[in-house]
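Put together the whole structure using the sequences plus the hints.
Listed in order, the protein sequences are those of chains S and F. To convert, count from 1 in the first sequence and add 167; that's our numbering. To convert, count from 1 in the second sequence and add 524; that's our numbering.
One should not assume that every hint holds.
To be verified - For lysine-lysine, the following DSS-like pairs were computed, each having C-alpha atoms within a straight-line distance of at most 27 Å:
hint, chain 1, residue 1, chain 2, residue 2
1, S, Lys467, S, Lys429
2, F, Lys564, S, Lys485
3, F, Lys899, S, Lys421
4, F, Lys601, F, Lys564
5, F, Lys899, F, Lys601
6, S, Lys467, S, Lys421
7, F, Lys707, F, Lys803
8, S, Lys297, F, Lys899
9, F, Lys899, F, Lys564
These are calculated hints, taken from the structure and not from any lab test.
If you want the building blocks of each chain, they are given just below.
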Amino acid sequence: MAKIDRRKFMQQSGLAAAMFAATPGAAFSQVVGSSGGFSDYKALVCMFLYGGNDSFNLLVPHSDAEYNVYAQARQGLAVPQSQLLPITPAAPDGIDYGLHPSAGGLRTLFEDGVAAFVSNVGPLIEPMTKEQFFNRSVRRPPQLFSHNDQQDQWQSLKGDAQSKTGWAGRMADLIRSGVADQQMATNVSLFGSNLFQSADETVAYVMGPAGPLLFEGIPADPEDPFYEQRLAFLRILNADYPSIYERGFADVQKRAIAAADKLSAAIASADPFTTVFPQGQLGQQLETVAKLIAVRGELKMQRQIFFVAAGGFDTHDKQNEDQPLLIGGVSDGLKAFYDAMFELGIAESVTTFTQSDFGRTLTSNGDGTDHAWGGNQVVIGDAVRGRHVYGSYPLLQIDGPEDVGGGRMIPSTSADQFAATLASWFGIAAADLDIVAPNIDNFAVRDLGFMI
Amino acid sequence: MYRPLSIIASLAFALSACGGGGGGGSSPPDPPPSVPPITKAEAFRFLNQATFGATEAEADVVIEMGYAAWIEDQMTKPESLQLPHMRSLPPPEFPAQRQTDRVDIWIRNALHGEDQLRQRVAFALSEIFVVSQLGALADQPWGLADYYDTLARHAFGDYRALMEAVTLHPAMGVYLSMLGNEKPDTQRNIRPDENYARELMQLFSIGLVELNPDGSQVLDANNQPVPTYDQAVIEGFAHVFTGWSYAGFADLRAAFPTYSNQVMPMQLYPAYHDGGPKKILDDVEIPAGQSGEQDLRDALDNIFNHPNVGPFIAIRLIQRLTASNPSPAYAQRVAAVFDDNGFGVRGDLGAVVRAILLDAEARPDMSMEIDGKLKEPLLRLTQLWRAYEAHSDSGRYSFAISYIVLGQGPLQSPSVFNFFSPFYAPPGEIRNSSLVAPELQIATEYQNTFVTNWMFYQAFLFNWVVDRNLEPIQEDTILINFEEETAIAGDPIALVDSVSGKLLGGEISDTLRAEIVRMVELIPAEEALARAAEAIYLTVTSPEYAYQR
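Printed below as a string of structure tokens:
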């Protein structure tokens, strides 16, 4: 594509000469909440691993007895015991653990006490035993083992309800009167629209991996010769349209135009980090989030929820080839992001966590794995009670007490408990936790204790 | 298995005359006794449903022939294919380089193929039976081209035959890992791969829950949807789909992709096929000891005859062609045609396409709030390209970055779940009304900006650079031709009329018309190119252009 020199283009086109009669005017206004305020800053960063991360190869039992059960189950997919990176939980539960050899960054964070694992966690409506799974005596999330349904479960915690909002979206709605001055939406995605941030009252803002794109030809600067075109563009968007599809399209365009210039400028004003982020889209997303956090004051942000993601975790094929890159990418990205937060002196106020569709079968389909249920997730930040494996790590035995077939583990900790623990830290009142995590009351423990 | 289809003109007229009903228990509306002439705006709406973008020339054809005859004429056009073009090119240094040529031939066919309806339906099918160049198929551009050709060949054919062709195509085999899938080895805790088994049912045929004939969910006594299958059924089908790989080898484990076998149906390697009994849908069990081919036929027949397929495929295709939110009656009328084309044949996709396009609900009144749909961004662009005779100096259309610019491109989905979900409901009035707008899922702030900017380059910049000879433009850069507009740019009213006629069928809102005229008048009359570009730019970025009525 031809390189664009917009100045030259405008100077030489008749537009430059003509478009000066600009009348500045707020063609639209940003809608925000109305009252209150937090006295501090907190951010949650969700890293979603699309496809279903095989996290029983990320956090692996290292003790001989448990490792041998794992190796017997996983056969050719087992990480060799000698290659595991040992970790030393502060309060050992009797089992030694190791991490996948490509997770060196995560191991450092764990050993430094700023990372924790929550083991065998997944969507549940109520606690469930294997017997209850087979006699169908307790409610369960519908369409277990299906990608989009289980993504939706993790992102919405809707159980068997028909909800179309996500738990980050509901948190943003709950706090919206407390963050009225924010210059950007509470929920920001760098990986497309998602259910996690979908809400009834607030709207998530979607930017690209490097931030918002600027609009060509409709500049925000009233001095710009193209400014007149911006006003025309906005008048067209603000017209009354008979169709819901036209209105839906126009709404997105209006939000995009309202935010692009301001946010791009804010990101560009962030000081560069000493921390080097990994190459690739995930690293780029995380670096952009770090920059947005760096300029939080300028944007008057008090509570933020970021969504970043990576794909490719659906390792039906060639798992042993692909897994080092997948897990390595996650580990390197999380390490760099933590380091950048440390650099900013804000690691105590930013908590990063992973989610994924599901864990994967312990058994193999030859050279890969299929869709399963429970898995291990990571939580990172200075507000995390780190160097600990939370929850109940299962015995990875085919047909064992947690296996419903093929090495599909019934979660022993629910995604609702995971979310509620993060939500409490974020500032959601105890009375509102069941709005964020609708099934939380079905579980004896509402807070898993991994946040300070 | 390959039941004869009766896609002949007389049948088509018979079907359209009776509204496409038959066997489904619904009563389609009677056609009016005398049909009023088709207006240009109406022809545009129809063509935006049935082609890669309405043009004034094709609108004249529709007005002359009528909708039904136009469809029949289209169905007789020879198929525009991709593989012959791909094979005419010399071997590349790296196979992945040929993905650009694959997208090029896709654009050529989309812009210039005479079989517009077939190409449009093939594109719709490619968003249901999804494979993608993004991933393991990056090195198989010939396989992907042939996969698309397979969809095009079956676009008006038998859904059951399409299912089988897709199942055995090595591109699908690679994409959903049926290729190389082996029978179980219990000693090593190895069981068959469930990927294709699951997605074939969930995404290509019946979906997750039992459907009524109108596509609504069947609810149980507790008001909960009823799953169509469970894990045991997935495992049954996973066992069916064992033993297949690239054709032409002595042993499955020795098979690898070649230039030629990536376009040949997969071959059964019997030693790797599971011979045990297999539980499939509706408590059917495939008996032990059958051949792999017989297992496959029985399994596909089992899915094909599930009552969900009609409403499932009807709604998927309606959403791609005419409406995001079809009424239950519309869905049921089309599903009924899937079930029985009027001659006792199930799965006649040509009849389904006719039923979708000729239904009264596809031709709504002017101002219906929920009728129609948002245009897919790729279709917004192809419509502009068709209306303004897009060309490049080299004759090639270089747009392999489609998925980055538009969030979608031919066989460029990020996953088997397509660019967007059929159930996507954006927050606000659409969700609050329990409606959906799938295309809005990729119309994010970010992606919309990208698309809007591309329209700016397409309308303003590329032609400006060429006109002023500012810098060399790549020989593959796609340029639109709006010389007719530059010639009349001195008259803002004539200019807006011309642009509106070509892009909106003359159906332009007062606001858009006024804003275009106002902006054009701000530009000196001697800057004819800028004036014409301005009119086109404001039109193709407008909500009314994004909307398919």
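Verification of the hints:
Restraint check: the Cα-Cα separation between S/Lys467 and S/Lys429 comes to about 13 Å, which is no more than 27 Å; the hinted pair holds. A distance of roughly 54 Å separates the Cα atoms of F/Lys564 and S/Lys485; the hinted pair therefore is violated under the 27 Å criterion. Proximity of F/Lys899 to S/Lys421 is assessed by CA-CA distance (about 18 Å); at most 27 Å being required, the pair is judged to hold. Proximity of F/Lys601 to F/Lys564 is assessed by CA-CA distance (about 24 Å); at most 27 Å being required, the pair is judged to hold.
As the CA atoms of F/Lys899 and F/Lys601 are separated by approximately 25 Å, the hinted pair is consistent with the 27 Å bound. Restraint check for S/Lys467 and S/Lys421: satisfied, since their Cα atoms lie roughly 21 Å apart, inside the 27 Å limit. About 15 Å separates the Cα atoms of F/Lys707 and F/Lys803, which keeps this hinted pair within 27 Å; it holds. For the suggested pair S/Lys297 and F/Lys899, the alpha carbons sit about 48 Å apart, so the restraint of at most 27 Å is broken.
The hinted pair formed by F/Lys899 and F/Lys564 meets the criterion: a straight-line CA distance of about 19 Å does not exceed 27 Å.
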